[in-house]
Amino acid sequence: MIHRTKKEKDYNKDKWIGIGGKFEENESPKECARREIFEETGLTVNSLEYRGIVTFVSEDSSGTYYELMHLFWSDDFDSTTPLPDCSEGDLEWVPISKMNDLPHWEGDEIFLDLIARRVPFFSLKLIYKDGVLINSKLE
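Going by my numbering, 74 is the number at position 74 of the sequence shown; the sequence numbering is gapless.
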């Protein structure tokens, strides 16, 4: 997990989130995940399991924002010890049982639980208004 503490203007400021980022040109979701994991953590992922997709809808005074997040699971990677410094925040291995004790987005509890229970591929829609989860729909 990454504790987002280092960027001044960060929508995720002070929250704990998973590793990820934006697509580069011509990347598939899996290629993007591998690259982002390596860039942020120094870990080389040997295999990735595509677990789900999350549609975020976020509304606030500046308008409505939509985002898709592809979720992957892996326990097959080459690690570096300790985790390197990251420009976006502090990296830390967090036991699954402790993740909900950390500051996070409320909707993250839904998909983190689904991943931890290794449920089949899922699609989840999370709707936020002014940073508060107001609705969720699991398919």
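Among the clues, some could well be false.
As the list claims (entries may be wrong) - No more than 20 Å apart at the CA atoms, straight line, and that leaves these computed lysine to aspartate or glutamate pairs for EDC-like:
id, residue 1, residue 2
1, K6, D60
2, K15, D78
3, K13, E40
4, K9, E109
5, K129, E109
6, K137, E109
7, K129, D10
8, K13, D76
9, K15, E139
10, K15, D60
In case anyone wonders, no lab produced these hints; they're calculated from the structure. This one's a predicted model, so the numbers in the text were calculated from it and none came from an experiment.
task: For the pair we were handed, K15 and D78, check the Cα-Cα distance against 20 Å.
output: violated, 26 Å
message: Next pair to validate is K13 with E40; report whether the Cα-Cα distance is within 20 Å.
response: OK: K13 and E40 at ~17 Å, within 20 Å.
task: Mind checking the alpha carbons of K137 and E109 for me, to see if they're no more than 20 Å apart?
output: holds, 13 Å
- request: For the pair we were handed, K129 and E109, check the Cα-Cα distance against 20 Å.
  value: holds, 17 Å
message: Run the distance test for K6 versus D60: straight-line Cα separation, threshold 20 Å.
response: Roughly 24 Å separates the two Cα atoms, so the pair is violated.
message: Does D60 sit within 20 Å of K15, going by the straight-line distance between their CA atoms?
response: holds, 19 Å
- prompt: Given the proposed pairing of K15 with E139, does the C-alpha separation stay at or below 20 Å?
  reply: It is violated: about 26 Å lies between the C-alpha atoms, which goes past 20 Å.
message: Run the distance test for K9 versus E109: straight-line Cα separation, threshold 20 Å.
response: Violated, at about 24 Å.
- prompt: Keeping to a limit of 20 Å between CA atoms, is the pair of K129 and D10 held or broken?
  reply: holds, 17 Å
field: 20 Å Cα cutoff - pair K13, D76
entry: Violated, at roughly 29 Å.
The structure fails to meet hints 1, 2, 4, 8 and 9 from the earlier list, while all remaining hints are met.
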